[in-house]
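**Student:** Residue numbers (my numbering), protein chains in the order written: chain A, 721 to 1032; chain B, 38 to 176.
What the hints contain is simulated information worked out from the structure, not anything from laboratory work.
Quick caveat: nothing in here was measured; it's all calculated off a predicted structure.
C-beta atoms are modelled at their ideal positions from N, C-alpha and C, and glycine is treated no differently.
Worth double-checking, as some hints may not be accurate.
[Said to hold, decoys possible] One side of the interface only, derived from the structure: several residues of chain B facing chain A at Cβ under 8 Å:
id, residue
1, Thr63
2, Val78
3, Leu82
4, Asn138
5, Pro139
6, Pro141
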Amino acid sequence: MMETLYYWFHQRQVGRQLRRFDMYIPENLADLLDYLDAHQSGVHLIANGSDLINRIQRRQINPKILVDLSGLSEFSYVRKDGKTIKIGAMTTISDIIASSVIDTRHDVFREVAAQFGGPSIINMATIGGNVCAASSSEDLLPVLLVLDAQVRLRSKRGDRILRLDDFLKGKRIIHLNPNEILVEVMFPELDDYSVCAFEKIGMRNSLIIAFVNSAVYLKLDKRTRRIETIRIAFNRVAGKIPERAKRTEEKLHGQVVNEHVMKEGLSSLNAELRLSSDFRVSSEYRTDVAGVLFKRALNRCAEKLLGEAVIV
Amino acid sequence: MESHERLLDVLRDRLGLKGTKEGCSTGDCGICAVLMDGKLVNSCLIFAVQARNKKIVTIEGIGTETNLHPLQKAFIKWNASQCGYCIPAMILASKDLLDKNPTPTEDEIKKATSGILCRCTGYLKIVEAVKTAAQEMKK
């Protein structure tokens, strides 16, 4: 009796009552897809839950049923298929960086992991969960956007593939049908002429939600130092989700990597970025620091490819 | 056990293992950390049902009263605990590090414990304690 009272009191005291819901644990993939086909409302998918639990606590969602994906071990993999890298949706961040497929060329994933929460968070967070959370807090999204990633969605009726930027509709809104799950994220591998870097800044050195984060992909003709392709993404550009800064990309395309390109990039970003103020920081600070992160990321790309930074 | 119960709730309230603490309930402080199948995780972010069939190690599983783990001895030696709230998580995170990397640098120790916030000690003694324990465990 006392134990029950104590338990109830404790739950109230903590002040974060999780809503009551049921959990459905599918026996296998076929069972899962059948279930989703049959139940299309009030149902939420849960991977390892590191983002979802917070959303339930904050009452941002009120699921009646959570469908547990954590038992589906077949979606935890990192593979190379020709020139494409394919990562299963349930692969954790720490498993991604431990994979030999993610070699030093793909160190950008280690750059993300080093600033992604902390050691325990990367053991739990999955790439699928990060992509489907679809907000400006998800660190993998700018990187996957500049890597030109695609997502594979599966339902009882089969698979479909979408470009990541088409999959992301808006803040916390994705083009995922109620009977579908995300099974795989894929992108073309980096090679001797292409490289990617990630930068993030927040309130402290660990356990941070970014004020701004940024990813840059650079493909160069090493001899002429001309930019063949540059892709730049931030956790916010003009809306509330990660996007590419396409106007700036177009301006820099074809130019030689040097100080002038850096300055032109910074001034173009200043015009293209429409970042808001919020409880964290002001829009002026955000825009300014976005430029700094772009500079750092571009410098690191140049260092990785050419052995020297663009500007000191 | 109900669907909404987290691993942390089951450990503390159903199993009576009070060593694992609840700090923020949102995965931002790390003091609920436990080892699940050998990996450091935040027990406030895992539904108990999702921890089925997994091996969980909490602070109660580290050392005994008569035979403390070298980490525990080192923490005592260095006075690395003040209020004590973050210590179970710090010990588990350090144990995880030393099991995988017996000779960590200071930087590696700091990174391994970077997911756990401490308001009292300023972290210095915790880092020194881990260094001492690493040396002891090499012997």
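**Student:** Output the indices of the hints that this structure fails to meet, ascending.
**Tutor:** 4, 5 and 6
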